[in-house]
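Enquirer: As a plain string of letters, each chain reads:
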Amino acid sequence: MSAITDPPKGGFQLSQLIYDTRYRSMTIQIVALVLFLVGVGWLLNNAAQNLAALGKPLGFGFLGEAAGYDINQKLIEYNNQMSHGRAALVGVMNTLLVAVLGCALATVLGVTIGVLRLSNNWIVARIMTFYIEALRNVPVLLWIVLLMAIFIESFPQPKDFRGDDAVATLKIFESVAFTNRGFYIPKPDMFAGSMFVVFVFLASIVGMFFFRSWSRKRQEATGEILPNFWISLGILIIPALLVYFVLGRPIGLEYPELKGFNFKGGIYMRNSLIALTLALALYTAAFIAENVRAGIMAISKGQSEAAFALGLRPSRTMNLVILPQALRVIIPPLISQYLNLTKNSSLAIAVGYMDVTGTLGGITLNQTGREMECLLILMAIYLAISLTISTVMNWYNESVKLRER
Amino acid sequence: MKNSTFVGTLAAATFAAGFAAAGTLDDVKAKGFVQCGVSTGLVGFAAADANGNWDGFDVSVCRAVAAAVLGDAQAVKFTPTTGKTRFTALASGEVDVLARNTTWTFSRDVDLKFTFVGVNYYDGQGFMVPKELGVASAKDLDGATVCIQTGTTTELNLADFFRTNNISYEPVPIETNAEAQQQYLAGACDVYTTDASGLAATRATFESPDAHTLLPEIISKEPLGPLVRHGDDQWADIVRWTMNALIAAEELGVTSANIKESAMEAGNNPEINRLLGTEGNLGEQLGLSADWAKNAIAAGGNYGEIFSRNIGESTPIGLARGLNAQWTDGGLIYTPPFR
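Which chain is which? The protein sequence lines are A and B, in order. 350 is the number that the numbering used here gives to position 350 of the first sequence; each next residue is one higher, with no gaps. 170 is the number that the numbering used here gives to position 170 of the second sequence; each next residue is one higher, with no gaps.
Keep in mind that the hints were calculated from the coordinates and are not lab data. Yeah, the Cβ is synthetic: ideal placement off N, Cα and C, and Gly gets one too. Heads up, some of the hints might be wrong.
Said to hold, decoys possible - Which residues of chain A face chain B? A partial, calculated answer using Cβ under 8 Å:
id, residue
1, G68
2, Y69
3, D70
4, K74
5, Q157
6, F261
7, M354
8, I363
9, G369
Unchecked claim - List of simulated lysine-lysine pairs, DSSO-like, C-alpha gap at most 30 Å:
id, chain 1, residue 1, chain 2, residue 2
10, A, K264, B, K131
11, A, K74, B, K31
12, A, K187, A, K159
13, A, K74, B, K260
14, A, K56, B, K113
15, B, K31, A, K56
16, B, K221, B, K131
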């Protein structure tokens with residue numbers, strides 16, 4: 001009779017939580033979670049107590065009070081009798097404006113520079129390398145301030161445009177005023193019938209897409225390639241132009257004119273907006289260029305050799321073979337760059353651009369003394385903007401991802 | 001079980017995290033210096049020289065407080081603050097006293113929870129324009145571009161002024177006086193507006209001050225003075241009465257020149273005796289030494305001396321006493337009695 005030892009019985013012992021591998025990881029996680037929650041709780045509690053001790057309990061009622069200050073650039077209706085909340089909204093719009101303009105410009109510049117850096121032309125490649133290294137190795141705040149200083153110091157004052165022997169004149173067919181307060185460009189003036197022109201133009205855009213898909217099908221069927229670009233351009237412009245002249249030019253231009261202290265009329269682009277957008281775009285473009293270069297270089301050389309062997313020209317090889325594959329590598333870091341640009345736009349106060357940090361996190365915070373509330377809202381706003389950008393870009397990334405079969 | 005542990009520990013943390021607020025006076029004595037918030041640089045009021053020594057009208061208040069509390073006018077740590085950062089710096093305890101041409105207003109006193117200890121300069125908001133612009137009145141400024149320091153009362157006054165007069169303007173918000181100066185001189189704005197004293201101080205640093213003029217309108221009351229946090233009345237008393245001591249010294253004819261002998265022994269004037277600690281125990285009541293006021297006055301002279309040395313008519317800034325003369329001379333500078 002062989003002695004069989006009984007399997008260990010007995011109840012659950014506390015030491016098993018640490019020594020038994022079945023439970024150990026769970027124990028550690030729970031302990032860590034509790035410590036983390038206690039830490040967060042302590043911070044919140046501490047903040048609440050300190051605020052109470054200062055006699056400033058948390059409250060968001062101030063958002064409904066009259067702001068009392070003016071904002072120079074407003075995309076929505078605003079005056080100083082409206083609420084702090086409205087002022088914050090004006091700031092959010094200004095932030096979004098810089099973010100959208102900046103991201104678009106940075107993408108165009110970045111892709112161009114990134115491709116050119118791989119150029120076989122030694123000079124072009126070196127110039128692009130120099131650009132990238134110069135731009136991305138200097139803090140963006142300095143670029144913003146530098147551009148602003150250049151705008152302020154080097155462009156003429158509005159009063160220089162005055163008189164018969166004016167020092168400065170309007171540029172580009174006397175339509176654009178470059179001043180040290182910003183640029184004034186002509187504004188389209190809509191007369192009766194102008195809506196019809198706009199409608200035709202919109203219809204042309206739809207038509208262009210139809211042509212594109214028809215042309216692709218035709219190419220797949222016959223193998224012939226139409227001069228797509230020129231035909232698209234024609235579809236886009238010619239009908240609208242025809243309607244424009246037939247209706248007797250219903251869209252005019254309102255030119256900027258010097259009246260009083262400043263130019264009136266036209267679209268006023270403040271130099272703070274231009275300096276900020278340009279500096280952010282130039283800076284971020286340097287990073288995007290590197291992303292693009294990395295994406296292109298990640299594509300095996302065999303791909304371009306195969307494309308050449310098929311007789312594709314270099315530009316078609318780039319557009320049809322390399323870039324579509326490179327996009328998969330480019331998009332994820334590109335999302336980070338968009339987020340960086342958007343968050344860097346909070347440096348706007350350096351040039352007096354009234355973004356949300358300037359209105360809500362600046363003047364409102366200062367006039368109401370609600371630091372905690374303002375900063376919490378501000379963080380929530382940036383978080384929301386960033387998550388939205390991420391979501392949209394991830395969705396785009398999904399659509400260009402390699403389809404594995 | 002997990003939940004209750006969490007709640008239990010949270011409750012324990014609640015008790016542990018008490019709000020520790022020691023008296024500011026004890027803190028200052030322990031540190032050995034007074035933390036003073038000043039402007040980032042406004043000649044005459046607070047500016048650092050090439051060696052990093054701060055000097056000016058507002059700086060003198062800080063030095064007097066340091067002399068009264070610690071007996072050493074140099075025992076001050078200056079923190080330059082912008083219009084935006086100043087209140088946070090004071091509320092968070094980064095500075096003990098804020099002497100930075102700050103306007104005493106209802107909401108700052110009541111809502112922001114600060115104690116203004118008095119007024120050391122009665123000011124009003126003015127406009128500066130280049131003479132060649134040919135503007136004679138602020139009401140002619142329709143459509144003008146106005147440089148303005150953001151986060152100040154002037155920002156709100158400006159909005160009110162243009163609204164009541166029904167004229168338009170384009171505000172250019174700016175962080176510091178230096179940036180405003182750069183933009184104004186480059187012509188990026190037509191007008192610079194801030195407290196009239198600040199405008200005079202700024203104009204004094206221009207290459208050609210005569211090319212610029214201050215418009216006649218003063219659109220607001222700007223009583224400027226030092227302030228401290230709510231909740232520490234002893235510290236507020238110390239700063240208030242240090243400032244009052246400087247004012248009383250001028251009224252009583254005590255100057256930096258004669259203070260040594262006046263403080264040697266009790267003289268004929270009982271108020272001077274009480275002020276300088278040769279009679280009574282005012283210093284003890286404040287929690288300071290008996291010669292606190294003597295030290296404060298010796299640090300930079302009395303109110304009149306500080307005024308004329310930093311911003312008076314003999315300086316490039318050239319401000320007349322005006323409202324800031326002693327009440328005996330028809331001004332508003334007046335201190336409650338030392339008794």
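Enquirer: Run every hint past the structure and note whether it holds.
Expert: Status of each hint after checking the structure:
no., hint, in the structure
1, G68, "holds (5 Å)"
2, Y69, "holds (5 Å)"
3, D70, "holds (5 Å)"
4, K74, "violated (11 Å)"
5, Q157, "holds (4 Å)"
6, F261, "holds (4 Å)"
7, M354, "holds (6 Å)"
8, I363, "holds (6 Å)"
9, G369, "holds (4 Å)"
10, A:K264 - B:K131, "holds (23 Å)"
11, A:K74 - B:K31, "violated (48 Å)"
12, A:K187 - A:K159, "holds (22 Å)"
13, A:K74 - B:K260, "violated (62 Å)"
14, A:K56 - B:K113, "holds (8 Å)"
15, B:K31 - A:K56, "holds (28 Å)"
16, B:K221 - B:K131, "holds (25 Å)"
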